[in-house]
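Q: The whole structure should be built from the sequences, with the hints applied where relevant.
Next come the chains, spelled out residue by residue.
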Amino acid sequence: MTDRPVDVEPAGENVAGEAPVEEPEAVTDDAVVHDDDVELERTIGLVGGLAIGIGTMIGAGIFVFPGLAAANAGLAATLSFAIGGLVALLVALPTSELATAMPRSGGGYYFISRGMGTAYGAIVGLGLWLGLMFASAFYLVGLGHYASAVFTELNISLPFSPVIGIGLLFGVALTALSIGGTENTAKIQNAVVGILLVVLTAFLSYGVLDAVGVFGGGTVPEQFFSRGYFRVLTTAALVFTSYLGFAQVATVAGEIKQPGRNLPLAMVGSVLTVTVFYVVTIFVATSAFGAARLGAFGETAMVEVARDFLGLPGAVAILGAGLLATFSSANASILSASRAVYALSRDALLPRKASEVNLRYGTPHVALLSAGGPILVLVATGRVELLAEVASFLHLIMYGLMCIALIVLRRRNPEWYSPSYRVPGYPVVPGMGAFASFGLIVFMQPASIGIGIVVMLASYLWYRYYAGDVTLKGDI
Amino acid sequence: MTDRPSILVPIRVLEGESVPEGIPELLAHTHVVLLGYHVIPEQTAPGQARMQFEDRAVGRLDEYEEMFEEAGATVERRLVFTHNGQKTIDRMIYEHDCMAVLVPNATGPVEDVLVPVRGAIGVDRLSRVVASVFGATDADVTLYHVAAEDTTDDDIQTLLSGMTDRLVEFGMDSSTIETRIDRDRKPLDAIVDVADSFDAVVMGETDPSLTTFVFGMPADQVADRFLGPVFVVQRERASADEDG
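Line by line, the protein sequences give chains Y and C. Just so you know, we're using the UniProt record's numbering here: the first sequence kicks off at 1 and counts up by one. Just so you know, we're using the UniProt record's numbering here: the second sequence kicks off at 1 and counts up by one.
A few of these clues could be false.
[Unchecked claim] Distance condition first, Cα-Cα at most 30 Å in a straight line; then the derived DSSO-like pairs of lysine-lysine:
| no. | chain 1 | residue 1 | chain 2 | residue 2 |
| --- | --- | --- | --- | --- |
| 1 | C | K87 | Y | K187 |
| 2 | Y | K257 | Y | K353 |
| 3 | Y | K353 | Y | K473 |
| 4 | Y | K187 | Y | K257 |
| 5 | Y | K473 | Y | K187 |
| 6 | C | K87 | Y | K257 |
[What the hints assert, rightly or not] Covered stretches of chain C, as calculated for chain Y (at least 3 residues, CB under 8 Å):
| no. | segment |
| --- | --- |
| 7 | 39-53 |
| 8 | 72-79 |
| 9 | 82-93 |
Just so you know, these hints were derived from the structure itself, not from any lab. Ideal placement from N, C-alpha and C gives every residue a C-beta, glycine not left out.
A: Shown next as structure tokens:
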């Protein structure tokens, strides 16, 4: 058993006079140990960790973005997804090191607040909470598109577009379910991810064989950079939302068994898995239809691709998979947002009340509502691309700062910092991770960048007002 | 080793489960590992539940600890917030090298104890638990075996008298030990039926298999259907001594 002492001493009080909760005494493979022999059991294994990562990510990249990305970048959208995957990997490696050194709930927020101080921590933590709301809203709008496609499939024509209405409905349902439900959601999530991977593997294998001409179809390759090189990068910035999930593994780092082994495997493994699936999906989709036609299908383009290959059964299978995937992504993001609220309130950056647990259901109803409520407002805007980019913006800021926090910690090398996994290629990998994260932001739409900056400013001002005296930084 | 064996007593401390009547007296001669645990849904971070419930849970455990100590037991205690109660219980058995887990149901003074014996494997640990819990009391112990068709009476006699010898070795009075044998019955139903006229049951845990995976451990099923306390004696954990 690896007993590790934790030597960070948070201090100070917020406006309401609440101090950060004291740090645990030790962190073991099976539990987080506080004084008085109070322990927090670790219960999520490697499979559970992978399911969180893959389940959060795969919904967006495969079921929402192919049409949009192809419209933006043509066949080169394949490259955009590959770039996104590379950036995610460059960040996932340093994140793994930080997570094994500090396997506590809160993920990126925790690492940055302990490594770089409360101000950065507050910006990232509040930004993460809001970023997850934007992400959930994005998934819910995607879910709305799939649900409306079901109506179209059944030849029910509605006098209005049901996309936003359905998104809102599911938003309410998910929040209510998380508050009142005590079912074993992790097992369901694992099963859903398993089913998705099987359906997609079967579908993509057929698609690849078809694309290379095995079934006699064969397609004429079109010009790769049909929309120019610059569009490849702006598209990479747009679709980066498909890679946000691995950091959600870090938000439950405090509950992962054998964190030294399972955290890096779950994070890096889920990034590699989804990258392969994304790149193959875009390749198959664009070779079936050509980028221009694919782009015209919009959010549910994959349904048309499946119909082209396998007829109605294919379309139905992908419709079902799309509903499952976007639903599980939205669910995972709402739960992560609630974990982020808990981490902030534990450190007195938000009122303690915010992480209160419901006596009847044992669930954090305040945190869940404070995630679910704003999500509905965001869903109502219905702006898929904007929601996606703001979510990515806020995450990318966190990713960049995590890489910097790693470099800071390595250089100061405080006594309490002893990660069991060390990132290869230091300092090049974390340096490139930070550079790539901030670099990708430049290629976003001005509106997304604007909203992102406003959120960061608001977070900073909140910190100055509410918790200016709280110090969370580890002794470095 | 006639030292006090460790007995794990898991209590769902925040869900109204408390130490039932008679249990502290029952465990007076043992080393009690008192586990207070609270199972929370997956939506909730364990630390979140701790922030809110720690004080209340600690207060209750203080009370229980005192009850056991007054009765004469030595006590160690743990408080765990968990998503998975079974994982926590298993970890405690391992970390404290517990001989048995008690399913704590209320009881009066225990006069008759039923000890179902399945086979020669595990007899040593079973005897040790029985002897140390009941050796110093007036309780009568009945060793019970449900025989399969192809087992001869001699086999059973060897098994049960072997166990009687072990108990005497551990300091029990042989006059308090009886044996009883039934044939042609389903062991589980037989045990539950017979147990009705006893105050407590001590039985071994079964090796995990497909049947136990589907229907649950027989010991757990007995515990569900029998109203008194049940000691489930644990298999020896292979690596329990390696790193403690």
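Q: Does each hint hold? Answer for all of them.
A: Here is how each hint holds up against the structure:
no.	hint	verdict
1	C:K87 - Y:K187	15 Å, holds
2	Y:K257 - Y:K353	29 Å, holds
3	Y:K353 - Y:K473	23 Å, holds
4	Y:K187 - Y:K257	16 Å, holds
5	Y:K473 - Y:K187	36 Å, violated
6	C:K87 - Y:K257	11 Å, holds
7	39-53	holds (count 14)
8	72-79	holds (count 3)
9	82-93	holds (count 6)
Of the hints listed earlier, the one the structure fails to meet is number 5.
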